[in-house]
Amino acid sequence: MYAGHYAAGLAIKANQPQAPTWALLLGVGFLDVLFGIFVMLGIEHVSVTPGISPGFSLDFIDWSHSLAMSIVWALLFSSFFWRRGKAVALAVGFAVFSHFLLDWPMHPHDLALWPHSSIHIGLGLWRLLPVGWWWVELVFIAAACCYYVARGRSLWACAVVVLLHVVNSPWLAVAK
Amino acid sequence: MSSFGFGLLCLISFTVPVPILAWLDRIWRKR
Chain S
0 MYAGHYAAGL AIKANQPQAP TWALLLGVGF LDVLFGIFVM LGIEHVSVTP GISPGFSLDF
60 IDWSHSLAMS IVWALLFSSF FWRRGKAVAL AVGFAVFSHF LLDWPMHPHD LALWPHSSIH
120 IGLGLWRLLP VGWWWVELVF IAAACCYYVA RGRSLWACAV VVLLHVVNSP WLAVAK
Chain B
0 MSSFGFGLLC LISFTVPVPI LAWLDRIWRK R
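Those protein sequence lines, which keep their order, are chains S and B. Taking numbering that gives the first Met the number 0, the leading residue of the first sequence gets 0, the next gets one more, and so forth. Taking numbering that gives the first Met the number 0, the leading residue of the second sequence gets 0, the next gets one more, and so forth.
Since the hints were derived computationally from the structure, they do not count as laboratory data. Every residue, glycine too, gets a C-beta built ideally from N, C-alpha and C. Any given hint might turn out to be false.
[Claimed, not checked] The following label-pair restraints were derived from C-beta to C-beta distances:
no.	chain 1	residue 1	chain 2	residue 2	range
1	S	Ser117	B	Ile26	41 to 51 Å
2	S	Leu89	B	Pro18	17 to 27 Å
3	S	Ile118	B	Ile19	21 to 31 Å
4	S	Trp113	B	Ile26	36 to 46 Å
[Unchecked claim] Covered stretches of chain S, going by a simulated chain B footprint (3 or more residues, C-beta under 8 Å):
no.	segment
5	23-35
6	46-59
7	153-166
Modelling step: build the complete structure from the supplied sequences, incorporating the hints.
This is how it looks when you write it as structure tokens:
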């Protein structure tokens, strides 16, 4: 999932307006920020699989994306916001952990329970529905954006999220 | 695409939109 994470961040913002928007939006993608850094450092591994949805195989992502580490990153990230109050810290922590929750339906059994665990989970919609996953994510984005806009927030932010989702479609994505 | 390039693309994809979306949320809020 890509743009759906941002949609989740906007929905959390609508629910907790006092939480910093940048922190929520960075939080929802924090596991993938770490993943990008870890891959560049050679700590985690990915291989490109042209023609096989979603266009890449996440061979080892345990330090950024495992269930246990998702909780650790959420607690660590939210710890910087305790001074702003419990509600803000919880919202920011949930934003980080929401990444794992939203990745679970998409990822094909590459989400470990903890680093180097033999147990990996993930429903695998990327593989089961090579094109349909995009529509599933769009439904989630639509629902999250409806909630966000209904709470009186920016239509334009939602438009950008939808644009990101279009760019990440099976027809246009860089890695496909 | 190399692994390094994939990681860099991922890093950019999850950082660049953050200030843009935060700005839109602040500036163009529905009144």
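Hint check:
1. S/Ser117 - B/Ile26: 41 to 51 Å: holds (49 Å)
2. S/Leu89 - B/Pro18: 17 to 27 Å: About 24 Å separates the Cβ atoms of S/Leu89 and B/Pro18, which means 17 to 27 Å holds.
3. S/Ile118 - B/Ile19: 21 to 31 Å: violated (38 Å)
4. S/Trp113 - B/Ile26: 36 to 46 Å: holds (42 Å)
5. 23-35: holds (count 8)
6. 46-59: holds (count 3)
7. 153-166: This one holds; 7 residues, not fewer than the three required, reach chain B with a Cβ under 8 Å.
Violated hints amount to a single one, hint 3; each of the other numbered hints is respected by the structure.
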